[in-house]
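Colleague: Given next are the chains, with one letter for each unit.
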Amino acid sequence: MPRWLPILVFAVVMAALPLIPGMPPFWIVLLDNIGLAALVAMGLVLLTGVGGLTSFGQAAFCGFGAYTTAYITTVYGLSPWLTLPLSLLVAGGAAVLLGLMTVRLSGHYLPLGTIAWGISLYYLFSKLDFLGRNDGISRVPPLSIGSLEMWAPETIYFVIWGMVLISALLTMNLLDSRTGRAIRALRRGHIAAEAFGVQTARAKLLVFIYAAVLAGLSGWLYAHFQRNVNPTPFGPQAGIEYLFIAVVGGAGYVWGGVLGAAIVIILKEVLQSYLPLLFGGQGQLEIIVFGILLVILLQLAPGGVWPWLSSLIPIKIRRPRVDPGAALAPRPRTAAGKGPLLKVERARKQCGGVIAVHDVSFEVDAKEIVALIGPNGAGKSTTFNLITGILTTTGGRIELHGKPIDNAPPQDVVQLGIARTFQHVKLVPDMTVLENVAIGAHLRGHAGPLTSMLRLDRADEKKLLAEATRQIERVGLSGEIDQLAGSLSLGQQRIVEIARALCADPMLLLLDEPAAGLRHMEKQRLAALLRQLRDGGMSVLLVEHDMGFVMDLADRIVVLDFGTRIAEGTPDAIKTNPEVIKAYLGALA
Amino acid sequence: MREGGVRLNTTILLFLLQDGITNGAIYALLGLALVLVFAVTRVILIPQGEFITFGALTYATLSAGGVPGTASLAMVMGIVAFGFELFSTRKSLRAAKVLRAAAIYLVFPAVVLALATLLPATRPGVAVNIALSLAIVAAIGLFLYRIAFQPLAHTSVLVLLIASVGTHLALQGFGLVFFGAEGLRGPPLSDAAVTLGPLRFTGQSIAVYSITIVVMAGLWLFFGYTRMGKALRATAVNRLGARLVGIRTSLSGQLAFLLASVIGAISGILIVPITTLYYDTGFLIGLKGFVAAIIGGLVSYPLTAFAAIVVGVVEAFSSFYASNYKEVIVFTLILPVLVLRSLAAPAVEEEKD
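Top line first, the protein sequences correspond to chains A and B. In terms of the working numbering, the first sequence opens at residue 1 and continues consecutively. In terms of the working numbering, the second sequence opens at residue 1 and continues consecutively.
Certain hints may be false.
Unchecked claim - Which stretches of chain A does chain B cover? Using the computed rule of at least three CB atoms under 8 Å from a CB of chain B, they are:
#, segment
1, 116-124
2, 238-247
3, 297-307
Unchecked claim - Far from chain A, by Cβ distances over 10 Å, these chain B residues were calculated:
#, residue
4, Ala110
5, Leu158
6, Gly224
7, Ala234
Simulated from the structure, these hints should not be mistaken for lab results. This one's a predicted model, so the numbers in the text were calculated from it and none came from an experiment. Don't be surprised by glycine CBs; every beta carbon is placed ideally from N, CA and C.
Full structure from sequences and hints, please.
Modeller: Spelled out as C-alpha cells, the structure:
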C-alpha cells in the first residue's frame, strides 16, 4: 500500500464527520479540542518519542502563540492571518532561547528544567499587566476568509484539522529524510551520530524549535477558537497533560500523538459527565479515575496505544524502490603524497593518574591494512577514540596527510575521510538496516529540514539510499536490508556498522573488533572484503582479538600493552617477538 | 517595586533571612527525599507534594478531633497492594511470605485505621497525632510504590515520570475529597518563643530547624553506616549490579518511597502551623524542593540542602521586593544553574532505554 493512501482515507473521514446530519455540535467542539491537542502532541512525539528530549513546558509555547495573536489582533486590529507568522515566530524564538539553555542537558535535567520554566512562564503570563493578568485578553476576533467569519466550532473545525493533517504530513516527511534519520539517531546517544558528521546539538535544537512552533500554531488556533486567552490553559498542569497525550498514544509515532489526544480528551469528557451520575457530585472524581486509568494503561502498554493498535491491523506500507542508477559523487580527497595517510606521533591520553595511551606512535600508509593488537585494557579503543576526535589527547600529534587532526571534533574527522565502527555496536535498533547505513552518508547529502518537510529532497534522498543499498550489497546483507537493526545477530550488526562506515566513502576505515561474534565463513568473507577495499585504494586500521584473522589479513601489526607500543612489524615478525609473547602469555611462558 | 514604600532595614533583613531559612530548611528536606527516590528508583517523584498535604491535613484533621479520610485510603491501597503482591508471587506462594505480606499490607493499615478512628475523640496530644499522621502517610507511600511503580520498575524514566504524574493527579483528587476545598491549619508543635536581640524565634521555627537537622543527620548515618542504607546506595549506582550481589531492588524502592513519604509528611506537619494549606498546595511546595534538587544535580545531598536554603532566601526577598513575581523569580533561578551545568557538561555517552 502506498504511504499516502491511509492518510487520504483519514482526511476524507475527518472532512465528512461534521457533515453527517444530526451530528451534535458538542462533538464537533470535542473534535476541535482534539485537533488542538494533537498539534502540540505531534511536536512532543518528535521531541520526546523520537528525539529523546522530554519537555513539560510545551503549554508555555502554546501560550506564546495564543498571547501574541490575541494581543496584536485586539490592540492593533491586525488580521489573524497576518499574526500567524508572528505567533509562530515568537514561539520559535522563545524555543531558541530556552533551547540553547536546555537541550545540551542530558537525561532528567531537561524534563525538570522544562517544568521550572513552564511554571515560571505561566506566572509571568498571569502577572503582566499588558497581557491582562489573570483575566487575560478577551474579545479576540475570529478567523475569517473573505466575508466568512468562523464563529462556529464547525467552521473552524476545517482550519484546525487541515492544520493537523498538514503538520502530520510535514512531520512524517521530515522523519523520512536525511535530517530525520539524524534526529532519530539522537535518542541512542550522540557518539555514533557525531562520528558520521551529525551536528547533534543543532539537531536537538531543531526538534525543540519544531515542537515549539507546532505548539505555537495550536495556541494561535486556540486564541481564535475560544476568542479569549487566559493563563490557565498554558500552565504546568496543561504541560503535563500534553506529555501524557503523547505517551498514551505512543510517543514514537506521529499518529500516536493524534490518537493520544483523542483518547485523553474523550476519556476526560466521559469521566466528567458520567462519574458524578454514578457517585454523586462530590470532589474531582474524574481526576482520580483519570490518574488511576493512566497508571493502569502504562502498566499494560508502556509503549502507548498506537503501536499496539497498528500491530493488530496488518497494513504494510510499501517502501519506494531504490533506484540503483542514482549515484553519489565520490568525496573530494585531500591530496595524497604529503607524508603518510595517518600519522600518530607520541599520542597520549591521561585521565587523572591513569595513562591510558602513553606516547604511542605509528603510521598507516595508503592501501595498507594495519592491525592494532594487545591484551584487554591496552588502550586500543582509546587510541581509536583519540583518532576520531571522540576523546581529546593530552599530548602528541595525530596527522592526516600532514594535517593535524587531534582534538578536531568527530564531525570534522569524518569529513576528512576517516570512518569507523564501534566495539560496542551503536546502531539505532528501531530503524531498518537501510536507514542505519544511510546515516553513514549523512555528510554526502545536502537536503536540510525545510526541503525535507516539503519533500523537495527526493533527488538527494534517492542518491543516499542508492549508496546505502550498494554498501549493504557489498557487505552481503541484502537479505536483511528492511529488517530492524535491533533484530539482527550481533555479528550481523557489526557488519551493518561496516556498511555504514563505507557509506561515508572514507580513505581510512577504522574497525573496532569487526570479527567478534562472526562465524568462520563470515570471517573469511569479511577478510576478503577488506582485502578488496584495500586493493581499491582504501586503508584499514583494525583492532581485533582473533589472531588467526589478524595474522592472515594485516600488512603490518602494532602491539600495545598498558598504553605503550611494545612492538611493530609484519605478522611473521610479531609472532616471534619475545616482548609480544611476554605480554600475551606472561613472563614465564 | 518595593511594597508600600517600606525600606529595607536590619530588622526586616533579619526577618526575611529567618523566614527564608525556615522555608529553605523544609525545601531541603523535600529536595533530599526527591534525590533519594530518583537515585534509587529513577522516579521523579511528583506526588511528593501530596505526601506534604496529606501529612499536614491529616495532622490538622486529627488535631481538630476528626477522622482523616487518608486512613481509609491507606487501608484500601493496602488491600490492592496485597492483591498485587499475591499475584506477582503466585508461582511461589509460601505461608511465611503470605503472612509477611499480610502483616505489611493488611494488618499495619488496619491497625492505623482503627487508631485513627478511635483516638481523635479522646483528644490525644500533639505527639500522638504526629505519629499517627506519619504512619498513615508512610503506609500510603509504601503502597503507592508497590501498586504503581514496582510493576513499571524496568521501564524508561519517561514512563515512570508519566506514572508519577498520574499518581499525583489521583492523590490530589483524593485530597480534595478528604479535606475539601477550604484550607486547614494545624496547632503549632510548641507555643514557646525566644527573643534574641531584634529576632524572635518561635517554637515552631526552632522545631523546623532542629527536625531538619535531625532528619539530615539521620539520613547521613543511615546511608553511611547501615547495611540497608548501603544497599540503597548500591541500587542507586547500579540496579543490575545490586541485584547480582543479592540486594532486592524492589525492597530498595519500597524503602525509598517509605522514607520520602515520611519526609514529605514531616515537612507538611512543620508547615501547617505556619500557613494554611489547601489540598493542592503541596504541588508547588514540592516543586520548590525540585528546584533545590536540580541545583544539587539530583545526586549531591549537601549541595541540595545548601541550594534549598538559597531558594528559601531568594523567595523571602522576592516576596518583599516583587511579591507579584515571586514564583517567576524562584523558578527562573533554575535557568542560570542549568546553563552553567550545560556548559560544564562533559561529552559523555548515555545509553538510554
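Colleague: Please go over all the hints and tell whether each is borne out by the structure.
Modeller: Taking the hints in turn, this is what the structure says about them:
Only residues whose beta carbon comes within less than 8 Å of a beta carbon in chain B count, and the segment 116-124 of chain A has 6; three or more means the coverage holds. Against chain B, the segment 238-247 of chain A contributes 4 residues with a C-beta closer than 8 Å to a partner C-beta. That satisfies the three-residue criterion, and the hint holds. Coverage of a stretch by a chain is defined here by at least three residues with a beta carbon nearer than 8 Å to that chain's beta carbons; for the segment 297-307 of chain A and chain B the count is 3, and the condition holds. Against chain A, the non-interface label of Ala110(B) holds: every CB pair exceeds 10 Å, the least being about 22 Å.
For Leu158(B), the requirement that its beta carbon stay farther than 10 Å from each beta carbon of chain A is not met, with the minimum near 6 Å. With a closest Cβ-Cβ approach of about 25 Å to chain A, Gly224(B) is found to remain outside the 10 Å limit, as its non-interface label requires. Non-interface call for Ala234(B) relative to chain A: holds, since the shortest CB-CB distance, roughly 20 Å, exceeds 10 Å.
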